[in-house]
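Number of protein chains: 2
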Amino acid sequence: MIKAAILGYGTVGSGVVEVLRTNKNQITKKAGTEIEVSYVLDLRDFPGDPVESILVHDFDVILQDPDVRIVVETMGGVDPAYTFTKQALLAGKNVCTSNKELVAQHGTELLQIAEEKQVNYLFEASCGGGIPIIRVLNEALTADRIEEVTGILNGTTNYILSKMTEEGSEFSDALKEAQDKGYAERNPEADVEGHDACRKIAILSSVAYGKYVDYRDVSTEGIAGISAVDIKYAKALGARIKLLASSCLTDKGCTARVCPVMIRPDSPLYAVNDVFNAVFVHGNMLGDAMLYGNGAGSLPTASAVAADVVACAMHPAEHIRGGWLADQLELMPAGEAESRFLVRVSGQPEERLPEIRALFGEAEPVTAPGVTGECAFLTGIVQEAVFAGKYKDLAGAKNRIRVMW
Amino acid sequence: MIKAAILGYGTVGSGVVEVLRTNKNQITKKAGTEIEVSYVLDLRDFPGDPVESILVHDFDVILQDPDVRIVVETMGGVDPAYTFTKQALLAGKNVCTSNKELVAQHGTELLQIAEEKQVNYLFEASCGGGIPIIRVLNEALTADRIEEVTGILNGTTNYILSKMTEEGSEFSDALKEAQDKGYAERNPEADVEGHDACRKIAILSSVAYGKYVDYRDVSTEGIAGISAVDIKYAKALGARIKLLASSCLTDKGCTARVCPVMIRPDSPLYAVNDVFNAVFVHGNMLGDAMLYGNGAGSLPTASAVAADVVACAMHPAEHIRGGWLADQLELMPAGEAESRFLVRVSGQPEERLPEIRALFGEAEPVTAPGVTGECAFLTGIVQEAVFAGKYKDLAGAKNRIRVMW
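Chains as they are written, first to last, in my numbering: chain Z, 16 to 420; chain A, 16 to 420.
Since the hints were derived computationally from the structure, they do not count as laboratory data.
On a predicted model such as this, the values are computed, not experimentally measured, just so you know.
Each pair may be met inside one copy or between any two copies, as identical chains are not told apart.
List time: in silico DSS-like cross-link candidates among lysine-lysine, alpha-carbon distance up to 30 Å:
1) 132 to 44
2) 18 to 101
3) 267 to 39
4) 39 to 226
5) 101 to 132
Given the sequences, and given the hints that come with them, work out the whole structure.
Structure, rendered in structure tokens:
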């Protein structure tokens, strides 16, 4: 038998308790030992809840109990999660977490402490909910050089974009619908501005390429600027708009960014709708592969945390190789990346074409049923900084969206 | 440094040599030690090939070399692969294989020997080419009770069905095209009759449910009976026909089968085309998830074999939990499963409707553009045995295909 403590009895923490209880037999068999939840830490009380008798309000109780070998951190946020995690690792306890903010910000240090102490800091649930992408990168695709990771990593924005596509609605209406259904927070900024996806692609890139990618260096643009007219153009092009979080190793260096992109059905990400997440990877031997699944939700995310708990139970005093080195992977300046854009401007296509051609070299006019009083063009492949410089002075500019083809 | 030997220098075996050579640095880092290919066993000679100097024709040379800790079996077929594998395991060597026939037929015994000898018998590449589905089932989804596994597990048939869908061609023409492109063998029976997919779903089900599923018990139907008219009906229904290999744990027992099925875009498998494979799994906590990737090809499959080699190099003298128990999982008789069918018969819909209703309870007429002189109906959900009994006496019956919705 091995003892675990759960920090934070919210959506994910309570899910972990449920997963460990519901699948107790299965999990005991896989782990080779019974896993007992000995403590749940939360500031609140939960009268009548099954965890009432093991609830504690003071982390020191857990820290001082040498029998607790696994700490499950499902509090979220950087503080006090950082302090608790560090103390737990330094005390020789394994830590499993769903906390992407903390992993993105302090993962390098926490992984080093885990290695020094020969325990584990595991974070499968920090990216992609129930999708086992971290374990696949660390333990399955071990014979490949991973050259690209591109994900739909945020369920809220994917739901909003899916609704806008299905219903032709505006961003604000789709956001409200997502909030009413509980898929978006009252304060949706972290999701819709891309900050959540940014942390996740930084973590995935660090694991895939083996060096620390700082999330603060990842160029990030959200979906608040996407309108029903943009969706009409996407449909006219046989495409869908997705918030893609992407990184790539090229000869010139590593690029990473989060932004809305039009993709066509030849991408396996095209069919990933609603609150589902997916991660596409390209390996130099494997070629293209994709993992797809529930990106959020209490039980799918808890299933991923619980799988990490099982791994720790199997190796309570052994450091599992994985994670990344302390060296930082410098990203190429975002402006040096290259993209093709759909550019929307006021006026008639024949009127604007010469100017657009002069600015962007190439320009293919695009029309969309039901859109009047403006026109749109597909540019050639342009350096981001060059494009931005020209776009900001473009008269009557309405929007620009990157396209994948 | 750890020494490996490769049995069979064909498509996959030569790919393994290439993967280990191309990604040597990456692999050494992941494995924590250098992996050296010391022998390649093949009946043929390869003058001028880089492996010429390590080529042997006698397996005993490998068996007797105590320094060889990992044997890579990429010969295919049951004999002599079975004998060599068993001897290697009994000699305390790890074995990694891409050989689905052998795993499906003798996996239980070979896994037991591996456990007794505290070495590993790993077979990631036996199902789904480069897709790391075995490792995900064994090591990632450890907190879930897996309740369903459904895959597109054969690239040849998926390519043929994709071409028939795109081009409106008949089975025989699409098969010929696949043969010309090297995607189908001259003797295509194992693929088109579903035998290959049958072995793979038996292996995946054994891993997912933890008990041996005998491939000889899996009800198997191939795609040779699918015609251009069937594809027209599928299109009229907004569906595609896929060869699905599927198993399911229900309250009544376990079902497993391979057969063509019409699926709609709400299934993530709908978008899996050409030679790609995908495996959908449903876990009781995780919900729906899918892995997608190259189902065949030298390098993707070799990448999966090489990942198993890395796992063995990390644990050369430690048995990694996984695989399945020796007890057999009895399957429900195929006739007890339930399906909805599209039934095609000669005549006019209004003429045939009363008879079809009388036979199958429900019957919804379906029309397809360009199809004349016959009609089709969607039945209700019917027990397979009941359906088969009625269908065999149905006058003017042309075909029947299961539908997923």
